[in-house]
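Protein chains: 2
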Amino acid sequence: MNKIIQCVPNFSEGRDLDKIEQIVSAFRGKNGLKLLDYSNDEDHNRVVVTLVGEPEPLKAAIVEAVGTAIRLIDMTKHEGQHPRMGAVDVIPFIPIKNVTMDECIELSKAVAQALYEAYELPSFLYEKSASAPHRENLAKLRKGQFEGMAEKVKEEEWKPDFGVAIHKTAGITAIGARMPLVAFNVNLNTNDIEIANKIAKNVRHLSGGLRYCKAIGIELEDRGIVQVSMNMTDFTKTPLYRAFELIRVEAMRYGVTIVGSEIIGLVPMDALIGTAEFYLGVEDFSHEQVLEKRIME
Amino acid sequence: MNKIIQCVPNFSEGRDLDKIEQIVSAFRGKNGLKLLDYSNDEDHNRVVVTLVGEPEPLKAAIVEAVGTAIRLIDMTKHEGQHPRMGAVDVIPFIPIKNVTMDECIELSKAVAQALYEAYELPSFLYEKSASAPHRENLAKLRKGQFEGMAEKVKEEEWKPDFGVAIHKTAGITAIGARMPLVAFNVNLNTNDIEIANKIAKNVRHLSGGLRYCKAIGIELEDRGIVQVSMNMTDFTKTPLYRAFELIRVEAMRYGVTIVGSEIIGLVPMDALIGTAEFYLGVEDFSHEQVLEKRIME
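Protein chains in written order, with the working numbering: chain A, 73 to 369; chain B, 73 to 369.
Don't read these hints as lab results, they were simulated from the structure. It is possible that part of the hints are untrue.
It does not matter which identical chain is used: a pair holds within one copy or between any two.
[As the list claims (entries may be wrong)] Listed below are the simulated PhoX-like cross-link pairs for lysine-lysine, each with C-alpha atoms no more than 25 Å apart in a straight line: (1) Lys-309 - Lys-286; (2) Lys-181 - Lys-231; (3) Lys-169 - Lys-270; (4) Lys-365 - Lys-149; (5) Lys-365 - Lys-102; (6) Lys-240 - Lys-215; (7) Lys-75 - Lys-102; (8) Lys-75 - Lys-309; (9) Lys-309 - Lys-273; (10) Lys-91 - Lys-309; (11) Lys-106 - Lys-75; (12) Lys-131 - Lys-169; (13) Lys-215 - Lys-149; (14) Lys-226 - Lys-149; (15) Lys-169 - Lys-75; (16) Lys-286 - Lys-91; (17) Lys-365 - Lys-75.
All chains should be built: construct the whole structure from the sequences, respecting the hints.
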């Protein structure tokens with residue numbers, strides 16, 4: 073694969089393994105496409121699929137998988153803990169290699185259009201593909217969920233980007249381009265959740281912290297400690313080490329120290345290489361010096 | 073490529089670009105093989121080639137390139153600053169992916185045998201492939217250089233592993249398996265070379281330091297500072313951060329601090345990911361979580 077785009081479609085079926093396999097089968101054995109992972113959650117009643125591919129094969133496979141999902145999933149009968157508004161809840165496209173964000177935006181729009189033409193499935197464009205700033209955030213788009221969506225899309229500010237009304241059984245889908253997310257959690261040597269909450273508040277963008285950082289405090293009850301749980305939404309601009317070092321400093325105020333960290337799920341190599349470069353103070357390093365990058369070229 | 077071995081053959085021709093191209097052409101356009109880099113040095117009169125490949129294609133291409141080198145290079149007329157003992161001076165094999173060190177040792181022996189059968193080119197097995205501990209070190213094998221080698225190989229302890237006498241025009245070649253080398257230099261905010269020399273002495277294996285670290289002091293005259301210049305000979309056992317942090321501590325004694333570092337040439341991704349893991353204190357991280365590793369699989 074020359075150009076590599078990552079795609080992480082979320083389908084609203086987490087219980088019926090046969091249906092899940094039918095949906096995922098669209099991503100198997102295709103040229104220019106690779107299925108990396110899929111994991112279903114029964115409580116959420118949702119399956120999260122991770123694949124990478126070149127733009128055209130990715131588009132074709134997504135259209136195929138969404139067709140299967142629309143056929144198999146009836147949102148009027150769907151229940152689950154995770155907020156959702158469609159049989160295919162969200163389809164993000166993420167630039168990985170030899171691909172710009174603009175190309176991912178273009179792909180997201182082409183996919184949204186193809187899905188409307190093939191299945192009359194309406195969609196919101198979100199994140200970098202959004203048609204207005206108030207439509208960037210997935211949580212805001214999804215508010216009201218499937219059950220409230222038929223009414224919501226009648227409002228001018230929530231008019232779908234493709235289509236007009238929701239699909240009767242498949243609802244509506246959010247489609248867009250975004251940077252890779254890194255789920256990065258930092259553990260503290262205290263069991264005081266208030267301290268984790270305060271530190272989370274100080275490091276996150278929402279309340280005055282780092283631009284590309286979302287954070288909440290979490291209790292790890294079995295270990296008797298707390299954690300600042302973060303989503304790093306653009307590690308190229310807000311690197312992991314910056315959040316880590318800021319938490320270290322903020323924690324000092326409470327006489328608390330960091331005892332470790334976690335990276336959940338997949339992480340782009342560059343996020344870790346950038347961290348190593350920072351701590352070793354490496355001068356004039358090109359990522360082309362990384363052997364595996366050269367092999368992948 | 074499923075199994076990936078890196079090979080860095082050194083040929084004793086650094087001036088005649090036409091001859092260099094003829095030698096390197098063996099590594100172009102072959103299935104299961106990728107030429108990553110080659111750079112010649114006129115003073116050294118030597119070209120260093122970096123390639124990766126699966127064992128069999130790698131072996132075939134090396135045998136072809138060595139045949140060309142023997143035809144084009146006459147060591148009786150060779151001069152250059154770099155120590156050398158053969159038209160093909162050294163051929164190291166390095167495990168990169170889905171390959172054990174034992175498989176690289178096996179390949180090095182198979183290549184040595186093939187080169188003797190094809191061209192009557194004798195060889196020493198070195199590093200992990202060495203037939204005795206005193207034959208592991210390349211510098212010791214090469215001592216006496218091409219000009220002294222005809223006599224040296226008559227001594228029992230320097231008997232070639234393949235062949236008996238040297239090749240009249242191509243000399244003898246060192247062939248073996250080794251870990252990837254990382255050339256890692258740490259810069260200090262002093263111009264006192266004695267301080268760099270003392271720190272180098274303290275961190276290197278030879279004089280009581282880290283097991284897989286070679287180090288010398290170097291002056292960076294244009295910047296008015298000095299450097300501890302290192303070869304990390306097994307970053308999986310002596311990681312980069314350990315040398316870096318030890319230098320930091322040793323430097324404190326002289327009131328000196330680290331101002332930066334350099335990584336020269338190619339570096340395996342795992343060397344940098346391990347560094348990031350250390351500084352962020354990441355718990356339970358699997359390198360399978362690195363997106364690019366998953367894509368390469």
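Now for the hints, and whether the structure bears them out:
1. Lys-309 - Lys-286: within (14 Å within a copy, 36 Å between copies)
2. Lys-181 - Lys-231: within (16 Å within a copy, 69 Å between copies)
3. Lys-169 - Lys-270: Result: close neither inside a copy nor across copies, 37 Å intra and 44 Å inter.
4. Lys-365 - Lys-149: For Lys-365 and Lys-149, the Cα distance exceeds 25 Å both inside one copy (46 Å) and across copies (39 Å).
5. Lys-365 - Lys-102: both (23 Å within a copy, 20 Å between copies)
6. Lys-240 - Lys-215: within (18 Å within a copy, 81 Å between copies)
7. Lys-75 - Lys-102: Both: 15 Å inside a copy, 23 Å across copies.
8. Lys-75 - Lys-309: Classified as within: same-chain Cα gap 22 Å, cross-chain 35 Å, threshold 25 Å.
9. Lys-309 - Lys-273: within (19 Å within a copy, 39 Å between copies)
10. Lys-91 - Lys-309: neither (39 Å within a copy, 47 Å between copies)
11. Lys-106 - Lys-75: both (13 Å within a copy, 19 Å between copies)
12. Lys-131 - Lys-169: Within one copy only: 17 Å inside a chain, 31 Å across chains, cut-off 25 Å.
13. Lys-215 - Lys-149: within (19 Å within a copy, 80 Å between copies)
14. Lys-226 - Lys-149: within (23 Å within a copy, 86 Å between copies)
15. Lys-169 - Lys-75: both (6 Å within a copy, 23 Å between copies)
16. Lys-286 - Lys-91: neither (33 Å within a copy, 58 Å between copies)
17. Lys-365 - Lys-75: both (13 Å within a copy, 16 Å between copies)
When the structure is compared with the earlier hints, violations turn up for hints 3, 4, 10 and 16 and for no others.
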